[in-house]
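Chemist: Spelled out, the chains give:
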Amino acid sequence: AQRVTQPEKLLSVFKGAPVELKCDYSYSGSPELFWYVQYSRQRLQLLLRHISRESIKGFTADLNKGETSFHLKKPFAQEEDSAMYYCALSGAGSYQLTFGKGTKLSVIP
Amino acid sequence: DSGVTQTPKHLITATGQRVTLRCSPRSGDLSVYWYQQSLDQGLQFLIQYYNGEERAKGNILERFSAQQFPDLHSELNLSSLELGDSALYFCASSVGGLSGGRTDTQYFGPGTRLTVL
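In order, the protein sequences belong to chains A and B.
Numbering follows my numbering, with no gaps: position 25 of the first sequence is 1333.
Numbering follows my numbering, with no gaps: position 13 of the second sequence is 723.
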């Protein structure tokens, strides 16, 4: 069975401080990992995926297969980063996404 | 705007009733996915359709069913509603849906909030 765990329901950081949103997963094969974000009053949208290895809005995430983690990081938090963040996993050959329960990031001005 | 539309935005009904939620995918997308988001369970995958055919099933109750029509819009039917079915129901769409290869980016709709009283 595949599972995604986001251990923090709420994370508060000051503007300009580093941010790390944790995501641990359980999957027996080679998964695809994603981070989705939901800003206030907006729909869920893809932030980044591990395959792309890109930085979006200053966020990066590295897939650590040894530790089965896909933590989301940003060196300097901005107020506009305040949102709900969901880590998601897709198994090999599957388009179905398994989501974590989400972490609410609050950036304090 | 991702282009996925869902109607209605809100739905309030009573236990035992039946409701239909509607989703129109982005232009050109062949796959439609349904998710349920509740406070205790988070976002859970229910079912996927690709070009009119059921492709994958998740944690969908037998009281729930879905279909995708020739024009690619999809409907999620919820029957014999219970208090615990109160949740936000999301629809998402993607270009592909066939197994193998990279997972398509899924584009989400705004959701339908169902309240069962």
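No wet-lab data here; the hints were simulated from the structure.
Among these hints, one or two may not hold up.
Stated by the list, open to error - With a straight-line Cα cutoff of 20 Å, these simulated DMTMM-like cross-link-like pairs (lysine to aspartate or glutamate) come out:
#	chain 1	residue 1	chain 2	residue 2
1	A	Lys1317	A	Glu1362
2	A	Lys1381	A	Glu1328
3	A	Lys1409	A	Glu1362
4	A	Lys1412	A	Glu1316
5	A	Lys1365	A	Glu1387
6	A	Lys1365	A	Asp1389
7	A	Lys1409	B	Asp781
8	B	Lys767	A	Asp1389
9	A	Lys1317	A	Glu1387
10	A	Lys1323	A	Glu1375
11	A	Lys1412	B	Glu785
12	A	Lys1317	B	Glu772
Chemist: Which numbered hints turn out to be false for this structure?
Modeler: Checked against the structure, the hints that fail are numbers 1, 3, 7, 8, 10, 11 and 12, while the rest are satisfied.
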